[in-house]
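Trainee: Going down the list, the sequences are from chains Z and B. If you read the first sequence in UniProt numbering, its first letter stands for residue 1, the second for the next number, and so on. If you read the second sequence in UniProt numbering, its first letter stands for residue 1, the second for the next number, and so on.
If you're looking for bench data, these hints aren't it; they were derived computationally from the structure. Fair warning: there could be bad hints in the mix.
Note: identical chains are not told apart, hence a pair may lie in one copy or across any two.
[Claimed, not checked] When the alpha-carbon atoms are kept at most 20 Å apart in a straight line, the in silico SDA-like pairs for lysine to any residue are as follows: (1) 75 - 48; (2) 144 - 108; (3) 144 - 117; (4) 75 - 50; (5) 75 - 47; (6) 144 - 203; (7) 75 - 51; (8) 144 - 225; (9) 144 - 196; (10) 75 - 49; (11) 144 - 200; (12) 75 - 53; (13) 144 - 202; (14) 144 - 197; (15) 75 - 62; (16) 75 - 226; (17) 144 - 195; (18) 75 - 154; (19) 75 - 31; (20) 144 - 199; (21) 75 - 177.
Number of protein chains: 2
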Amino acid sequence: MVAKRSGARSKGDQQSVSLQPVQQASSEPPLSRERIVATAVELLDAQGIDGLTMRRLADRLGSGVMSLYWHVDNKEDVFDLAVDSVLEHRGSPETGESPDWRGDVVHMLEDWRARMLRHPWSASLLRRRALGRNILGRLEMLSKTLSRAGVADADLNAAIWSLWNYVMGATLTRASFDLSEEDRAAAQQRLTHLSEHYPTIERSRLLLDNDWDGAFRRGLDFLLDGLSPR
Amino acid sequence: MVAKRSGARSKGDQQSVSLQPVQQASSEPPLSRERIVATAVELLDAQGIDGLTMRRLADRLGSGVMSLYWHVDNKEDVFDLAVDSVLEHRGSPETGESPDWRGDVVHMLEDWRARMLRHPWSASLLRRRALGRNILGRLEMLSKTLSRAGVADADLNAAIWSLWNYVMGATLTRASFDLSEEDRAAAQQRLTHLSEHYPTIERSRLLLDNDWDGAFRRGLDFLLDGLSPR
DNA sequence: ACCTGAACACCGTTCAAGT
DNA sequence: ACCTGAACACCGTTCAAGT
Numbered sequence: 001m002v003a004k005r006s007g008a009r010s011k012g013d014q015q016s017v018s019l020q021p022v023q024q025a026s027s028e029p030p031l032s033r034e035r036i037v038a039t040a041v042e043l044l045d046a047q048g049i050d051g052l053t054m055r056r057l058a059d060r061l062g063s064g065v066m067s068l069y070w071h072v073d074n075k076e077d078v079f080d081l082a083v084d085s086v087l088e089h090r091g092s093p094e095t096g097e098s099p100d101w102r103g104d105v106v107h108m109l110e111d112w113r114a115r116m117l118r119h120p121w122s123a124s125l126l127r128r129r130a131l132g133r134n135i136l137g138r139l140e141m142l143s144k145t146l147s148r149a150g151v152a153d154a155d156l157n158a159a160i161w162s163l164w165n166y167v168m169g170a171t172l173t174r175a176s177f178d179l180s181e182e183d184r185a186a187a188q189q190r191l192t193h194l195s196e197h198y199p200t201i202e203r204s205r206l207l208l209d210n211d212w213d214g215a216f217r218r219g220l221d222f223l224l225d226g227l228s229p230r
Numbered sequence: 001m002v003a004k005r006s007g008a009r010s011k012g013d014q015q016s017v018s019l020q021p022v023q024q025a026s027s028e029p030p031l032s033r034e035r036i037v038a039t040a041v042e043l044l045d046a047q048g049i050d051g052l053t054m055r056r057l058a059d060r061l062g063s064g065v066m067s068l069y070w071h072v073d074n075k076e077d078v079f080d081l082a083v084d085s086v087l088e089h090r091g092s093p094e095t096g097e098s099p100d101w102r103g104d105v106v107h108m109l110e111d112w113r114a115r116m117l118r119h120p121w122s123a124s125l126l127r128r129r130a131l132g133r134n135i136l137g138r139l140e141m142l143s144k145t146l147s148r149a150g151v152a153d154a155d156l157n158a159a160i161w162s163l164w165n166y167v168m169g170a171t172l173t174r175a176s177f178d179l180s181e182e183d184r185a186a187a188q189q190r191l192t193h194l195s196e197h198y199p200t201i202e203r204s205r206l207l208l209d210n211d212w213d214g215a216f217r218r219g220l221d222f223l224l225d226g227l228s229p230r
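Work the whole structure out from these sequences, hints included.
Mentor: Following this line, the structure appears as structure tokens:
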């Protein structure tokens, strides 16, 4: 799980481009869970959620389709593993001592969101079954930090879930709203056409606002204001 | 495995049943956008997101598959229409004058969430293209209410999106986490097994907490505390 | 305007079998 | 232990054609 972009593909290895004949192409590394997951992420990035099929995945890996099923239960399993792998998280040692708990939380959650947005398919695939070590590690860090900050034990879970909900909602919305210019245009047209019925959101240009990062940060501040111990 | 047929077919019986003067909106005979959408919702409720196929939908409607394509662009279109229909919303007249703006907001958002949870597939299908009159009506109501409550124009969009994000994240999480007892069991087992690595969330029983409604309300209160004008 | 069947180019997964 | 092709039971959608 360490090597994220490591050379799992044999065709275009840069070091040996000039000298390389056919021979090395045959040395595909053996199929493995990690290689399957990494390739699934590549494929999802390139083709989107409907672009991942077991057949295409096997093609990219240079194996037969059914070989995948030795390493992986089924297609759902591939999705779950891909999602957790996107949220790689090594509990940084300094977060245990930093005096700026709020900064720590904001930083971790912005990183969370940024990672998911780099793989826009991931937000819509985060089910309970996908909870792997990376996601759990982030929840643990959040829990520890909030507790240290003075959030009461009785409020802790509600606070964590509210932050989770906010991040998931924001990420999912951004990923699913902003994928194509075509969608933007259609929404704008529809809104203009019906503006008489929705005067307030028309006036504030709610659906045309494009500052996603700023809006995320400001909403997060609202939430952290609300749950800070006073 | 419940092959439940709602008697919705048979080409010529609408006139022949002479004892039935009751005319409901659920008219059988002609294919129409509304009838397609309503049946799609039924099918999604019964079989889940993968259970909706154009062939099955046509079957339920007693028509050929390709007949659907006269009324509907494609399968995506069916999804979008189904999502908006779930969020039916008639702008209640009294919300314009109620003195309890916070109660109004909580009420509308709890209704929003409840409607989506009654159709758990809907949360994961809410894209920009799905924004129809019902969703826009809710955003308009939210906007008006917050504005009336004294939220500054410069904060308005951030406030609305933060509420949207929160509701969407909470609803999506609840829908996708709690669908099966099997998932719960697997999560519990995994957590117990790895509890040494995640002591804090283990101690607070974060993943076993089952009070979704309460957690939703408490998190919403955090957020509203944070964005209330002081 | 509305509906249709046949056909195309795909799917995920079971199975029995190969090394 | 690991991999495989053939086969099954499906998909969404194009097309040419019917009323």
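Trainee: Would you mind marking each hint as holding or not holding in the structure?
Mentor: Cross-check of the supplied hints:
| no. | hint | in the structure |
| --- | --- | --- |
| 1 | 75 - 48 | both (15 Å within a copy, 17 Å between copies) |
| 2 | 144 - 108 | within (13 Å within a copy, 34 Å between copies) |
| 3 | 144 - 117 | neither (25 Å within a copy, 31 Å between copies) |
| 4 | 75 - 50 | both (12 Å within a copy, 13 Å between copies) |
| 5 | 75 - 47 | both (16 Å within a copy, 19 Å between copies) |
| 6 | 144 - 203 | between (42 Å within a copy, 11 Å between copies) |
| 7 | 75 - 51 | both (12 Å within a copy, 16 Å between copies) |
| 8 | 144 - 225 | within (18 Å within a copy, 23 Å between copies) |
| 9 | 144 - 196 | between (49 Å within a copy, 14 Å between copies) |
| 10 | 75 - 49 | both (12 Å within a copy, 15 Å between copies) |
| 11 | 144 - 200 | between (41 Å within a copy, 6 Å between copies) |
| 12 | 75 - 53 | both (8 Å within a copy, 19 Å between copies) |
| 13 | 144 - 202 | between (42 Å within a copy, 11 Å between copies) |
| 14 | 144 - 197 | between (47 Å within a copy, 12 Å between copies) |
| 15 | 75 - 62 | within (18 Å within a copy, 32 Å between copies) |
| 16 | 75 - 226 | neither (41 Å within a copy, 42 Å between copies) |
| 17 | 144 - 195 | between (47 Å within a copy, 14 Å between copies) |
| 18 | 75 - 154 | neither (39 Å within a copy, 46 Å between copies) |
| 19 | 75 - 31 | within (16 Å within a copy, 35 Å between copies) |
| 20 | 144 - 199 | between (45 Å within a copy, 9 Å between copies) |
| 21 | 75 - 177 | between (26 Å within a copy, 18 Å between copies) |
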